[in-house]
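These protein sequences, in sequence, are chains A and B.
Going by the UniProt record's numbering, the first residue of the first sequence is number 1, and it counts up by one from there.
Going by the UniProt record's numbering, the first residue of the second sequence is number 1, and it counts up by one from there.
No lab work stands behind these hints: they were computed from the structure.
Don't take each hint at face value.
Remember, identical chains collapse to one label, so a pair may be satisfied in a single copy or spanning two.
Here are the computed lysine-lysine pairs in the DSSO-like style, where the Cα-Cα straight-line distance is at most 30 Å [as the list claims (entries may be wrong)]:
hint, residue 1, residue 2
1, 154, 125
2, 125, 272
3, 152, 125
Each chain, written out:
Protein chains: 2
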Amino acid sequence: MTLPRRTHPRPLDIANGRIDLTHGGGGRAMQQLVEELFVAAFDNDALNQRNDQAAFDVPPEMLRGGRMVMTTDGYVISPLFFPGGDIGSLAVHGTVNDVAMAGARPLSLSAGFIIEEGFPLSDLKRIVDSMANASREAGVPVVTGDTKVVEKGKGDGIFITTTGIGVVPPGVNVSGDRARAGDAVLVSGTMGDHGVAVMSQRESLGFDTAILSDSAALHTLVADMVAATPDIHVLRDPTRGGLASTLNEIAVQSGVGIALRESDIPVRPEVKGACELLGLDPLYVANEGKLICICAPEHADTLLAVMRAHPLGRDAALVGTCVEDSHAFVTMRTAMGGNRVVDWLAGEQLPRIC
Amino acid sequence: MTLPRRTHPRPLDIANGRIDLTHGGGGRAMQQLVEELFVAAFDNDALNQRNDQAAFDVPPEMLRGGRMVMTTDGYVISPLFFPGGDIGSLAVHGTVNDVAMAGARPLSLSAGFIIEEGFPLSDLKRIVDSMANASREAGVPVVTGDTKVVEKGKGDGIFITTTGIGVVPPGVNVSGDRARAGDAVLVSGTMGDHGVAVMSQRESLGFDTAILSDSAALHTLVADMVAATPDIHVLRDPTRGGLASTLNEIAVQSGVGIALRESDIPVRPEVKGACELLGLDPLYVANEGKLICICAPEHADTLLAVMRAHPLGRDAALVGTCVEDSHAFVTMRTAMGGNRVVDWLAGEQLPRIC
């Protein structure tokens, strides 16, 4: 029996190499990609087991009286790199945030990659390194993953699906159906930064003022808020569809109206300017590092103070109130003094914004 | 202030409708798709909360002394519908199996959909219904999900990424690095059925004998095995790259050689015939309802008996032995009496087989 020479393969040519179909085939090329690019970047005990699943301890006392949460999001953003972030950091922040919006502490992430044949390895490494950095900064490890490759023309560079799990502390019960008439509506900062940053890159507008995406992991902000006031009614991050669509969702889920005051909603002047130029309404533009908090009115001041004391909540504001309304309308007193309905986003304002 | 009429939108036209970009936009069209198609099919308490994440109880006694597992897989199979299954059932079975291959009991699944503009709603409904059925049959609910839409030509119909979590019972420690020289290598049934079923559909070969995919959820089989013999060393499902690539992975992880006996490896005659026609080796062809089990030799008979008593393990067989080998080669005594090396899959034998 002739034995093959089991020499080590040459390392991946990150600078000039490209993804081909063998990188998704389950054989030696995939193994090499996983080792040299993914395991090297994400490096953690669970992933380093190199099994098809990650096993890890959850101290039972963490779960005592608490609940688990699970959330998933696909990221198809175009372009892949944008001012203030990229698809890799976004895929970590977005999913950490969806865990945190249950008032939960994130435990771990998984990452599934669907890559188009021909995608540059250098871009893949940049994205994976950015994910790994975001994950380390957030303290939430990517414990398991998967890579698939589709033929050129059957994808668009790279799509990433991340899933997160976490644990809700005892006594915390945050849900979109818990808003009550009289509740205060808070936001953690300026609206529309992410969407405008991505659009400016896409349209090559080159604004004088660089507008950066607000992409950030909000779980430490949420932890501070929950520690101060466990009885928060609703938390949600206004991503696709922006503040307007997210508040409409909550209004319908809770069966309340929401009355906003336009002059209290923080929007950066440069974002306002860009929105005018692009024909967009900042209330419908995606955010990736902001949250909406709805709480009993007596907790609003405490929560605002906690938010403003956190680097990611410095511009937090009270922007409205929940009201009795069997139609569950979101309305707004405009800066001009009129009143208008803030309806759902009807069509697609900004495709592939996350 | 003029209020919009909040009439109910017309229900989705499943028979003739198609996905457009608004279905991924975060607005009303997405809301409708999620309600009428996804929530209606998957219907469970956690999902019905309609939050961006699912919250559920995990009884602390389940975790006492045990560990959690998390796993993710992207499904890009082409064609979407194949003899014996479709991308929807496959996305449930494949991820349930990756949880089970840790010896774990699956708790819940998430599902992320990336859909190409123009995709028929009727196909989407067929796929989602199939996922929901597979999930109900397995007793593992899809508790949360996400939908993104990409422009026509930037995807390929539909990609699905499912993530699963589960709990490993106390005393169970299954991992790819635990194979030892002397261990028995078992498989739960015939090799190559899934890959050949998909290829036959793709190439429109129309074999006389219908070859069906073996796609199935193996967690109840694993539960029976673990109950009989908690000290199983390795479990893994030989999907992409087939038995040969999976055994090579295990051999390297564990630092052992693996000696197979060709005549003991179960392969259906019609699969063998189709492989000859297609120029494929059944040992490299994907399976989606089979497992490899490596255990101490004294447990082999018990485990074989347990497997054969389960409907998904009727054709279980002892196919080889782990041996001392610092090179971690997989070798095979052929039916002709020779010996050959069973190397890694070098290239891409069957693109997009899962």
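Structure-based check of each hint:
| no. | hint | in the structure |
| --- | --- | --- |
| 1 | 154 / 125 | both (21 Å within a copy, 22 Å between copies) |
| 2 | 125 / 272 | neither (35 Å within a copy, 41 Å between copies) |
| 3 | 152 / 125 | both (19 Å within a copy, 27 Å between copies) |
Of the hints listed earlier, the one the structure fails to meet is number 2.
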